[in-house]
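Novice: Okay, here's what each chain looks like letter by letter:
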Amino acid sequence: MLVLTRRLGETIVIGDDIVIKIVDIHGKQIRVGIEAPTEVSVYRGEIYDRIMLENKAAAQAGNNHEALTELKTLLVSDEKVNSR
Amino acid sequence: MEIHHRHLGAIAYSEDDVITFPLGLLGFLKFKRYLLLQKESTAPFVWMVSVDNPDLSFPLLDPKRFCTDYNPNITRRDLSEISAENPQSLQMYSIITVQQDAHSATANLSGPILVNREQRIGKQLVLLDDRYSTKHRILNS
Chain A
1 MLVLTRRLGE
11 TIVIGDDIVI
21 KIVDIHGKQI
31 RVGIEAPTEV
41 SVYRGEIYDR
51 IMLENKAAAQ
61 AGNNHEALTE
71 LKTLLVSDEK
81 VNSR
Chain B
1 MEIHHRHLGA
11 IAYSEDDVIT
21 FPLGLLGFLK
31 FKRYLLLQKE
41 STAPFVWMVS
51 VDNPDLSFPL
61 LDPKRFCTDY
71 NPNITRRDLS
81 EISAENPQSL
91 QMYSIITVQQ
101 DAHSATANLS
111 GPILVNREQR
121 IGKQLVLLDD
131 RYSTKHRILN
141 S
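These protein sequence lines are chains A and B, in that order. Numbering-wise (my numbering), the first sequence opens with residue 1 and increments by one. Numbering-wise (my numbering), the second sequence opens with residue 1 and increments by one.
Worth flagging that the hints you see were computed from the coordinates, not collected in a lab. The model shown is predicted, which means the values in this text are computed figures rather than measured ones. Ideal Cβ positions, reconstructed from N, Cα and C, are used throughout, including at glycine. Treat each hint with caution, since some may be false.
Computed spacing ranges between beta-carbons, pair by pair [unchecked claim]: (1) Leu23/B to Leu2/A: 23 to 31 Å; (2) Gly9/B to Arg6/A: 56 to 64 Å; (3) Glu118/B to Gly27/A: 27 to 35 Å; (4) Ile34/A to Tyr13/B: 53 to 61 Å.
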């Protein structure tokens with residue numbers, strides 16, 4: 001991994017069209033500004049990972065037909081209660 | 001054409017039914033073509049089934065069902081990726097995870113599925129939004 005030292009307000013340029021700027025530093029928190037073309041997706045790393053894990057769990061859980069049927073029944077009966 | 005799904009049985013479909021996810025789903029980037037199946041017997045669930053690998057499928061629900069004020073921020077970039085000019089043609093779903101039993105069922109509100117029905121293009125959003133979790137309890141919520 002390339003490691004660079006930057007000061008407040010300084011930037012890092014990646015390729016021709018991605019600019020990363022250190023916008024604010026406050027204790028252990030750093031605010032980073034990112035300019036990138038629209039076709040480049042920018043994610044918070046931990047959210048990206050969480051969604052990937054959840055997708056895998058959901059694909060597995062799709063096998064749990066019994067629980068899904070139960071959930072279906074509960075949702076439908078819930079609706080009847082609410083619409084009364 | 002026909003595929004076989006372990007719960008839904010034989011599914012006949014035409015190319016017009018296929019919804020393309022150009023970026024795939026996180027963790028399953030290889031699979032980009034899905035059917036969204038809504039049967040009376042499985043309602044209110046919508047099943048998202050990979051055309052190229054029917055073993056890969058996800059139960060979906062309309063998030064408004066259990067999170068009435070769900071209102072994620074959809075960026076212009078998201079909309080342009082699914083060629084959405086007309087918001088009327090958009091449909092949003094949450095992927096449902098059922099671990100042990102129905103009461104533990106959760107919905108992924110942080111990575112909703114957004115589909116442009118008209119153009120048959122879809123995308124899983126990755127919200128930059130701390131309000132919504134990947135494990136939102138469905139019942140008693």
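Novice: Checking each numbered hint in turn, tell me which of them this model violates, lowest number first.
Specialist: 3, 4
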